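Please work from the sequences and hints to get the whole structure.
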Amino acid sequence: MNNTLFKEIKISIKDLLARKGRSFLTILGIIIGVAGVIIIISLGSGAQSLVLGQITKLGSNLVGVLPGKSSENGPPTAVFGVQIKTLKLSDVEAIKNKGKVPNAIAVAAFVSGNATIIAGKESVDTSFTATDGSYVRVQNTEMTKGTFFSDEEANSGANVIVLGYDVATTLFPNGGEIGSVVKIKVPNNNPMSSNEVSNSIPLRVIGVQKKMGTVAFQNQDDQVFIPFSVGQRQVLGIDYIQFIRIKIDDPANVKTAIADITRVLREQHRIHNIENDDFSVRDLADAIKLLTGITDNLRIFLGLMAAISLIVGGIGIMNIMLVNVTERTREIGLRKAIGATRKNIRNQFLLESIVLTFTGGILGIIFGIFVSYIIAIGARLAGYDWAFIISPIAVILAATVSIVVGIVFGLYPALKAAKLDPIVALHYE
Amino acid sequence: MLIELKNIVKNYVNGDVVTRVLRDVDLSVDEGEFVAIMGPSGSGKSTLMHTIGFLDRPTSGTYLFDGENTQSFTDDELARIRNKRIGFVFQSFNLLPRTSVLDNVMLPLLYSGDKSGYESRAKKALESVGLGERIHFMSNQISGGQKQRVAIARALVCDPKVIFADEPTGNLDSKSGATVMHILEELNKEGRTIILVTHDKQVALHANRIVTIRDGKIVEDRLVPNSERVHSKEIKEEEE
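Line by line, the protein sequences are chains P and B. When the letters of the first sequence are read in order and numbered with the working numbering, they come out as residues 145 to 573. When the letters of the second sequence are read in order and numbered with the working numbering, they come out as residues 1211 to 1450.
Just so you know, these hints were derived from the structure itself, not from any lab. Every value quoted in this text rests on a predicted model; they were computed, and no experiment measured them. Warning: the hint list may mix true and false statements.
Said to hold, decoys possible - Under the rule of at most 27 Å between Cα atoms (straight-line distance), these lysine-lysine pairs were calculated in the DSS-like manner: (1) Lys201/P to Lys354/P; (2) Lys201/P to Lys355/P; (3) Lys244/P to Lys265/P; (4) Lys329/P to Lys265/P; (5) Lys158/P to Lys1294/B; (6) Lys1325/B to Lys1216/B; (7) Lys355/P to Lys242/P; (8) Lys232/P to Lys1325/B; (9) Lys154/P to Lys1216/B; (10) Lys151/P to Lys1294/B; (11) Lys1325/B to Lys154/P; (12) Lys1216/B to Lys158/P; (13) Lys1333/B to Lys158/P; (14) Lys487/P to Lys1294/B; (15) Lys1325/B to Lys229/P; (16) Lys327/P to Lys289/P; (17) Lys154/P to Lys1294/B; (18) Lys244/P to Lys232/P; (19) Lys1333/B to Lys154/P; (20) Lys391/P to Lys229/P; (21) Lys1371/B to Lys487/P; (22) Lys1294/B to Lys560/P; (23) Lys1371/B to Lys158/P; (24) Lys1216/B to Lys151/P; (25) Lys391/P to Lys201/P; (26) Lys265/P to Lys289/P; (27) Lys563/P to Lys1294/B; (28) Lys487/P to Lys1325/B.
Unchecked claim - Some residues of chain P that are not near chain B, with every Cβ distance over 10 Å (derived): (29) Ile199; (30) Lys201; (31) Ser267; (32) Met287; (33) Asn318; (34) Gly323; (35) Ser324; (36) Lys391; (37) Val408; (38) Leu478; (39) Thr485; (40) Val499.
Note that the Cβ used here is the ideal one computed from N, Cα and C, for glycine as well.
Here is the structure:
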């Protein structure tokens, strides 16, 4: 039995090789479809690893507090730009209380926005982060010149500023930043600012951050830091906090700390029912879980889109196989006359389409891997920490699907060939 | 009796129109005979050959092949008879294009269920028609006469009892035609039954019996006296 099958496969390959050009055109659709699936899944995995890598760079022992309640797996509402005013400076003080959150080693409050920084004739549009002295401990910031401001400076509203590396080089191409006075100006249409905001505030440069590059898709060098109270009261004119970031002593204690922080904030906000939470405490594991979920779904969706092209390719196979059957009617008649059964003829044509689609699948896999590799090299040259990932499951799946496409779309032409009457077929012109 | 037809009727129905192609044909052929079926076109001679050759089933009547009633045979059983016990030679050769001479001759063996010996059997068949040298030529690289000899080799490769030849010299020049007829005569001398369909009297006279059919009926069935018989000699083709 196996021997017969082997011979039939041999016949099919011989027949297909006799029509190399057409066979190749026939399977082009399958090649592109399979390559598409492989490339999309590979790029999805690469992008996912890039995102996760960027997030992990922030540090796995950080916990964030955002205003507004959010469900376990959904993004906090603040992400969508909704302003919620429930977090106050008193909350920060409560978290800093060692007795209540023993694992917190640094707590930084944040407000942020966009602003123009002016130094003499030079100006830069950038984002500002208003925080306190704990920032350096939370984010592991290093300075190339000067120092970061202290908690006291931050809380007393000292008029000082720390520049990101790119901002400093743009404003002071010849150096001499430290001690210079720059002005921070908030656009009037800034939705975060209120009317009482003074239009332009002079600040003395006390530090320049070291060049850091891109972390979590943000250029860390294109920003400035100002004391929390300056940013909150003078620049934005608000009384709430947009974000609190807490550094935990050990990644293993993150879950305990989250529970402590949640309890402290509920006490602060006098919340007795969990349903009424007006804040969200998140760690990076949550963010990673969230992002992985999103990218996984995206990858499956795009993979399915590519798989649709396999169906289109399959219809192309069916079309060509029907043409094949018609063109080879006399051959079918002859094969029947010399002893081929219906089953022989059916198997011959079915195997031809399977050999076609399987070959297309293999070529598509090779082509897809090749293109994914080129893209990975390109992304690395562009400076991204891009991983070249080929999922073996995707490869096996693509090969299997290409065989299935051959069976599904080859069956009708094969049955049509098998049903031909030998006399009619022999005299077909 | 190798072949025994009794009251064979074949009708083709096309809508309401019934065309009666064979009307009550009785025909018996013994093993080792060389029978020519003659008749003008439309007489039913091809249909008769298709029926005897199991390419078509009669509308009614009985057909005993080698003593077996073939009426109840399934399509697969008929395919097996065509493969093992019958060989066909067609007017238009029907070789597979872009395929070597050897592979063309091996084709029936693929459907034979036999496991081995394909190549040696195909080579032997090609040698018996004088083409032992050309086995690796493509089927479209050889002359018409050689094509028909390849077709005869293909018909012989499963060692059948009967060879059906449908106008085997129809597409050939006289020299190649003579060679083909010579080969058929030799096969008959070896003891194989030959059934030849032709409209050419000279070709028919190679047989030892001529059956004439007209309007679906056998109108004459006579033995050819030795004095009338034509014998062809193999004529060597000029080498290309």
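Status of each hint after checking the structure:
| no. | hint | verdict |
| --- | --- | --- |
| 1 | Lys201/P to Lys354/P | holds, 16 Å |
| 2 | Lys201/P to Lys355/P | holds, 15 Å |
| 3 | Lys244/P to Lys265/P | violated, 49 Å |
| 4 | Lys329/P to Lys265/P | holds, 14 Å |
| 5 | Lys158/P to Lys1294/B | holds, 24 Å |
| 6 | Lys1325/B to Lys1216/B | violated, 38 Å |
| 7 | Lys355/P to Lys242/P | violated, 33 Å |
| 8 | Lys232/P to Lys1325/B | violated, 88 Å |
| 9 | Lys154/P to Lys1216/B | violated, 43 Å |
| 10 | Lys151/P to Lys1294/B | holds, 19 Å |
| 11 | Lys1325/B to Lys154/P | holds, 15 Å |
| 12 | Lys1216/B to Lys158/P | violated, 44 Å |
| 13 | Lys1333/B to Lys158/P | holds, 20 Å |
| 14 | Lys487/P to Lys1294/B | holds, 17 Å |
| 15 | Lys1325/B to Lys229/P | violated, 85 Å |
| 16 | Lys327/P to Lys289/P | holds, 19 Å |
| 17 | Lys154/P to Lys1294/B | holds, 22 Å |
| 18 | Lys244/P to Lys232/P | holds, 17 Å |
| 19 | Lys1333/B to Lys154/P | holds, 20 Å |
| 20 | Lys391/P to Lys229/P | holds, 23 Å |
| 21 | Lys1371/B to Lys487/P | holds, 25 Å |
| 22 | Lys1294/B to Lys560/P | holds, 26 Å |
| 23 | Lys1371/B to Lys158/P | violated, 31 Å |
| 24 | Lys1216/B to Lys151/P | violated, 40 Å |
| 25 | Lys391/P to Lys201/P | holds, 14 Å |
| 26 | Lys265/P to Lys289/P | holds, 22 Å |
| 27 | Lys563/P to Lys1294/B | holds, 22 Å |
| 28 | Lys487/P to Lys1325/B | holds, 18 Å |
| 29 | Ile199 | holds, 60 Å |
| 30 | Lys201 | holds, 62 Å |
| 31 | Ser267 | holds, 76 Å |
| 32 | Met287 | holds, 78 Å |
| 33 | Asn318 | holds, 79 Å |
| 34 | Gly323 | holds, 88 Å |
| 35 | Ser324 | holds, 84 Å |
| 36 | Lys391 | holds, 75 Å |
| 37 | Val408 | holds, 83 Å |
| 38 | Leu478 | violated, 4 Å |
| 39 | Thr485 | violated, 4 Å |
| 40 | Val499 | holds, 16 Å |
In summary, the structure is inconsistent with hints 3, 6, 7, 8, 9, 12, 15, 23, 24, 38 and 39 from the numbered list given earlier, while agreeing with the others.
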